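Given chain A's structure and the hints, the job is docking chain B onto it.
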Amino acid sequence: MSVKYVPVQWGRFKVIYDVIAITMIMGFLWIFVNVTPGILNHDPAINPQIRNMRAFGSCAFFLLTAILMIGPLARLDDRFLPLLYNRRHLGVLTGFVALSHASFVVRWYFVFSPTDRYEALLGTNTAYDQILGFPFEAFGIFALLCLLVLATTSHDFWLKFLTPRIWKDLHYLIYPAYAAVIAHIGLGALQSTENPTFGVIVFLCASLVIILHLAAARKEHRTADAGVSSEEYASWRKLFRADTVKEGFARVARLSNGERIAVFRHGNRLSAIANACAHQNGPLGEGRIADCIVTCPWHGFQYDVTTGQSPAPFTEKIATYNLRLRDGYVEVDESPNPYGTVVTPLAIPTPSMS
Amino acid sequence: MSDKRPFFVGYLPTPRELRLLLISVAVAAITAFVVAAWAVGTTQDNPGDGRLRFDLGRQTIVGVLETSPYPMVHVTHGTDVIATGETLMLAGAGKFGVEPHASRVDSPVVEVTGVLLNRGDIRMLQVPNPRRNLKAIDGEGPSVNSKNLGRWRLAGEICDGKCLAGAMRPGRGIAHKACAELCIEGGVPPVFVTTQPVADHEFMLIANGDGEPLNSELLEKVGVYISLEGELIQRGSLAVFLANHESIEVLP
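Listed in order, the protein sequences are those of chains A and B. Residue numbers for the first sequence follow the numbering used here, so the first one is 1 and each next one is one higher. Residue numbers for the second sequence follow the numbering used here, so the first one is 1 and each next one is one higher.
None of these hints come from the bench; they were simulated from the model. All values derive from a computational prediction rather than experimental measurement. Ideal Cβ positions, reconstructed from N, Cα and C, are used throughout, including at glycine.
Here are a few chain A residues that sit away from chain B, every Cβ distance over 10 Å (derived from the structure):
1) G71
2) G91
3) V149
4) F161
5) I166
6) Y172
7) L214
8) R218
9) Q280
10) K317
11) A319
12) D327
13) Y329
14) D333
15) Y339
16) T341
If you only want the chain B side, here are some residues facing chain A, beta carbon under 8 Å, derived:
17) T14
18) V25
19) A29
20) A39
21) G41
22) Q44
23) G173
24) H176
25) G186
26) E220
27) V224
Only chain A is shown next, with the shape it has when bound in the complex (with noise of 0.2 Å):
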């Protein structure tokens, strides 16, 4: 959280977390390159460069599953939410490491040809209307750009720059990334190998990454309260008992356009806003608020959840919502109110009161 834009805001955290980082694809890397050679003592040995290009590609692979299972893991146990902070250094890693992939790959197997070597890449082999001899290389080329543009527009000014709405989205691009590195394994490494070690270990991270976020997705399903329509008026919507929120907590529900909302309880009071933060649209409603300051659990951006506005002199602002009580219920009014609005927070009885 900062009011002015630097390279990195490095931080105690940030620098463990990417010694860790570093470490993880080093030793990846050591490994592969240096050990496992000589285990398999070949005679004539596999080509350096094709196994440089073997061991960043599937480091590459590995980074990427690790940071797609995060995600999930930081929704289904929010003690893993530490992994997500400082998630960004390690898609930019993943990033160097995909790019040394592919120059490994131009520059062995596409150089020493009269063919310029990027017209080679993209133009030698055209069977797309067949599977056996797909051009995998497609995907991988689909997949690099994709992690390149995640990782130039990963910093909090592109955020800033293109709207959170619109960066989230664009990093969901990860996705279709991933996808395809997969489809790049399957229709190239894999037809190629006899042994079968690599492809059951793709497979099993695949199916890894799906069943975290089918998990993940189930359990986000089933804590946000979806509410009743009210009656008496359309705009309004019937969500919880007032008591079911824990002092210093919210509870999160889903309106009827999908949007979720957090409804904190702060003292015996009780203030709306969305659900979203707008740095990365992480779950606010899972912050931890202290006088009337809610602490987005992602990245630690604050609000204010009676003015939907950061703290001095920060600027970033969300939409609040206006409650009322009815029959000890929390009633919303769907329509939001403009970004950083001030609503009077809603009391609710206490013991003493009833």
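For chain B alone, coordinates are given in the frame of chain A:
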């Protein structure tokens, strides 16, 4: 959600209750990557025994040059490692063939200098700078034995002969397909590697049914496991498969 659960904020000190979990996750992640590298790295297929034989030094041979469908030389004076009577395919450096220079040589007898590539029965001479290392010499070469071995339907894979013979390790399969096509388009002789030896040949030079270099239909199937029909002929010690591209079947 219990209000006693630790709440992580990245720019604040990590809650004590989360530290052990995060250390465990870090150790598990590093271990997983090391194990993954070991699992994938130690299960790479053996690329075979093909190699560029720089260890044998440059070989200079004399023989009868034939340029169709691809350049080859029938050796009349060999070396310690290249027998007289052997037929060797010729390729240039990188992904280049020895054409068009070979077609311009104005004598059937040539002296060729290059580095041997071999993998099992597949043998080829890499001739760097053909203008200097592929020279016409005086003399008349003996006629080359030619025998029709009949019509066959063969199953196997079209590869570029140079990478397969050891210029790249591995040098075959779909992952290598684009590289192989580039080599063949550059003039490197393609070979057909059969699943079973045919007439005592483990591989054969492959060309169109009309004896011309591979057409686009055959090029599209490079690296793919296929079966196809054609005429098998023997030129010197080399088998040449004149394949009918209309008979191609992709095999599972």
